[in-house]
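A.B. asks: Here are the chains, one letter per residue:
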Amino acid sequence: MAASIAYVGGHLQYGVNFCMGQSYKQAIWVPSVTFNGCLQRELSWSCGVSKFLQIRKCNLFRSRTNENWKSFGTVITSAYLRDGSTKYFDFAVIGSGVAGLRYALEVAKHGSVAIITKAEPHESNTNYAQGGVSAVLCPSDSVESHMQDTIVAGAYLCDEESVKVVCTEGPDRIRELIAMGASFDHGDDGNLHLAREGGHSHHRIVHAADMTGREIERALLEAVVNDPNISVFKHHFAIDLLTSQDGSDTVCHGIDALNTETQEVVRFISKVTLLASGGAGHIYPSTTNPLVATGDGMAMAHRAQAVISNMEFVQFHPTALADEGLPIKPKKTRENSFLITEAVRGDGGILYNLSMERFMPLYDGRAELAPRDVVARSIDDQLKKRNEKYVLLDISHKPREKILSHFPNIANECLQHGLDITQQPIPVVPAAHYMCGGVRAGLQGETNVHGLYVAGEVACTGLHGANRLASNSLLEALVFARRAVQPSINYMKSSSLDLSASSLWTRPLVPKSLGSDVMHKILRITKEVRKELQSIMWKYVGIVRSTSRLQEAEQKIGKLEAKWETYLFEHGWQQTMVALEACEMRNLFCCAKLVVSSALARNESRGLHYMTDFPHLEESKRLPTVIFPSSHTTGTWSSRQLHQQPIVKSMV
Amino acid sequence: MAKTSLSRLFASLSEHSITKPSFTGSRSDSVTRSAYNSVTRFVCSSAQETQLIREERSNEGDREAAKENLESVNKEEDEGEDGDHVNKETGEVGGPKGPEPTRYGDWERNGRCSDF
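Protein sequences, first through last, are from chains A and B. Position 230 of the first sequence, counting from 1, maps to 230 under the UniProt record's numbering, and the rest follow consecutively. Position 27 of the second sequence, counting from 1, maps to 27 under the UniProt record's numbering, and the rest follow consecutively.
Keep in mind that the hints were calculated from the coordinates and are not lab data. One or more hints might be untrue.
Each pair of labels, with its calculated beta carbon distance range [to be verified]:
#	chain 1	residue 1	chain 2	residue 2	range
1	A	K331	B	V86	22 to 30 angstroms
2	B	G98	A	N226	33 to 41 angstroms
3	B	H85	A	T262	46 to 54 angstroms
For each residue, glycine too, the CB sits at the ideal point set by N, CA and C.
Isolated chain B, as found in the complex (with noise of 0.2 angstroms):
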């Protein structure tokens, strides 16, 4: 589904700088059609990402398998890219890069809480 795809390029981008989109009002298809078309140019530079657009397409409509793949995806990504990140502070191998989730004495990661 369109917009599922779209966050997960937005959770992917994230560290790298992003053209802002011209989100115009609420109304979902254009923040959707919008900010997608923004972010096209980033989608096509590897292969990785252009397979997602097709993944994209087939999904479309079918909101829970691509919400699973999402996160999945995330987790493979996460794992892929922290699999030799050792942390400069703290020494942790794979840990979870940027802040460390504990820094406000909850558990977060990218702003979810999972335990307090």
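Chain A on its own, in the form it takes in the complex (with noise of 0.2 angstroms):
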């Protein structure tokens, strides 16, 4: 059952789609957990057996529902008393991509700064963004043709404040980038060449070559290293942001972090935090995506009481190189796909099932030539209802010359797996690409969580809408980054560290005592789940959706959640316990049961969410999809943060 209603308190205008599924019984905004009036602020996150039984005392319930919490109570104490890493600083940013480097980079001028990136600091969604970054710099062009498009684009589910934001200010951050060294390609006039992309009225995607979002992030990156404010603490896995509550808000003192090198928990207490975490392609089998998108951000606020909107809205492409079809398979699992271009279907590629049937024309007049997203959902609908892995996509019937002359680097790609693309089809199947929900930003980049703001991929700030327009999301990282550095350091400069904060939050625990066998065998496990999580979402997930499958989905992967936190707690695993593998796949749960929750409560068809028994667009539901944090009367492991107490039921 959907409602919409007004939003209590805080920063938004207008009214919301909320889920009143099962899951969200107590949807109106409560705080998660309720020690008002009951223990000081300061021991309100300690777990250690002493103050558990304090709590007790001050009369909240418990409830038991889940059988794991036997050894609770001796566990954390053991924990509390151990020592650890613990490091201060201003300001902390979670992750190293356009939009953490741009933001660090101004806050440095007014405090210290960590940047906590979990693999190498280049290894972001932004470092494989090859387009360009859109933004009105054409004197015949305008920030209202840039607005429409967006607007349009995003299928009038807008914020139209942010779009107006973000197209205005989109080309001072631009100017700025060059400024700090990052090299646009230029026309012989000496002006900023500028591309124009599907979607765009007018030419204005600036671009580095053909690796813009590379060039950007070399160019921060630069600038970063050299500023001596600035510490980079790479491999650094984000586990949980450090919460308090304070009466009825929800207060960010920092963040957990595994150093995966060294296998050392690290505790960073900051005054202000940004998540700059990025996506979540892996939720699905097939995407663009690094390895590193796994939603940790998106999890981590969830979990934090942060409110998370529109994640139903997934972009895919629809025609990646499919490896299953290759004749020579890589020899290992390609870790961000291979999209081939809508020049080949452009330029008379012909679409069609294993059975060699041209489906197109069953779907739409134009054939290959309909819009993305009619083609994407073509694909998709002929893969389900067939029950098949991929599509073929032909242009062997072209001239052998032009092929090889337009798609020089689809036929080596296919060529070294075996596959001659002038002879034969090129196998293909839809890929996700881009979250457009997330975290929901206000116009500072501002969360409902005290001193947590958000940027980029890992925030949703109104731009997108129900689908981003091309070469947008560069653009909204720079802006919203940029944006949030004002009022981060007005909060910075009202807040002190509190340097005994570190001991109210039970610290994270690196598995040491399981043993190489067990830990082998959760290991395996746990791959073993993230792909048939993934195999879910694609399958019940997709791009064509209905409400059983959804239903479906969410009982599948409630399944899968119980299955696998079951194993390893059966095997000795620790609620504070923490690995890269397990964390990450904790928070793969966490983003795939909010975008199904999300999708659910969409009952129309609009930009990327499709509905077969809600096809159209319904003017009454153009409203953002708002999950309000829940209360964990019946949280799981993924939904807690690692620190949180025990099921506590809130005061309803």
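Hints in hand, dock the two standalone chains.
C.D. replies: Dropping the structure here:
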């Protein structure tokens, strides 16, 4: 059942659709933990046994719905006593893509900055953004035109203020990048060369050859490395945000991270935290995202009581090279999909299913030249109906020289795997590319969690609406990262670092006590569970959706998660234990569930979200989908912060 | 690795006329060998290409390194060739040769799409 209400409190100005399904009975905004009046703020998050007893005295309910809590008390005491490394910074930035780096460079002028990144700093979605950045940089172009293009692409679900802000401030952000050393292509007249991508009415795409993202990343990283106020902690995987309750407000105090090289937990206490952790492509089996994109930020924010929005809008590309269809399979799984350009269809490529039936004419009179989203839905529909893994894109009927001169990259790649595209069709399958939704952000990148800001793909600023316009994502990251700077500085100046804060939360635990045999089993199972989750998501939460399939996804994911958690805890895994693969898995579960819940809440088809039982746009549903934090009466490991109290029934 | 250098050669030769390799079905060995044989005459014509044959032999079996090599060589080649290239229609300096990357709405280079 979906309902529209005005948002209670906060900075949103319009009504929202929210999911009132089973998981969100208490979807009205309530604090997830009610320690008010019972404990001072300083004591609220410690999980030692003695404090546990104090809590009981305060008449808070605790429901033991989960057997896993049996050993909770003893475990936490020992964890509480353990010492560990704590670092103190004015600003903590999670993620080293364009949003994180851009923000860091500005706030570093006012305080110390830690950039926490889970792999090498350049390993981000930004680095793979190889088109361009859109901005109004041509005299004959206008902010209004860019806004209009954005809103049309977003199927009118965009937040108009966000769109205005991004389109207006974009050009200055580009100029700053150039001043920082990013070099973009120019025309022979000395001006920036602007390309025109689909959906844009003007030439407005700034680019650096075809490696724009990489060039921006390079320029920003260089500046970051040279900044004495910025410390980069690479191979530090962010586990959970450190939060506390101040009345009805949730406040963020920093982040726990795991140094995956040394297997040590590091606690970062910071006055301000920016979440810029990127996307979640790996909830699907086929994605253009690098391996790091496992939705860590969205999951951590949700667990920290931040509001999540529009997660149903996942952008897919219809024709990524399908490795399963290649005669010679790649030796290891391709990290990020190879997208086959629309130009192949534009130049006469024909789509066939595996029975060599041309299916596009069944879906659209324009056949292969139908708009991309129609093609994506058609391919998805064929694959689901026929229970197949890929379709075929055939260009072999075209002149050989033309094929090789226009598409040498595809020709090479396929040839390396035993396929000659001048003779045989290309196996293709849709790939997940971009998350339009994420952590709900206001115009300054602020969230409902005090001291927590978001920017980039992890955020939902309202810019993209129901579908992202090409080249707008790098722009959004730049603009919002910059906008979050002043509010962050103001907030930082008005807060003080509590040096004893570090002991307020139980420290995560590295699973040394389990031994390598058990760890090996756990890692193996986790790997299989990840594949199973991705398979469920693709099969039931793909491009063409329906209520029954989404409900089935909900069931299957719930069962899979329970099975996985049971396995872990049966093998001695403890509540506060951390390992990269396990933490990523819990984040993937969290994000997958957010996508499914959001998809179930939108009973219309709009932009990227298509429902066979609600195939049309409904004007009355032109509202964002918002997920409020739930009170964790039936919480799983993936939905609770590691250091959080065991299940507490909130006062309803 | 044989296949990587072969495809790199295909990339550099794509703008010249190519002798049709005789692919005799889907068996990888025959594909590689016959295609390779048919392009060796192009290979020997320059020092750069001769060097590639040496690279290919030493990199055999190391697909990852070879793939990176391919990408960086492609990149170098593009930069080297396009450094002074001015697009007659758009006036773009140093841009891509060949068809306009955004001609079908998405952003493509050599068939691979990177934005849409």
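A.B. asks: For the hint 46 to 54 angstroms, verify it against the beta carbon of B:H85 and that of A:T262.
C.D. replies: Given a distance of about 48 angstroms, which is inside 46 to 54 angstroms, the answer is holds.
A.B. asks: With respect to the beta-carbon atoms only, verify the hint that B:G98 and A:N226 lie 33 to 41 angstroms apart.
C.D. replies: holds, 37 angstroms
A.B. asks: Per the hint of 22 to 30 angstroms, is the separation of the Cβ atoms of A:K331 and B:V86 within bounds?
C.D. replies: violated, 41 angstroms
Violated hints amount to a single one, hint 1; each of the other numbered hints is respected by the structure.
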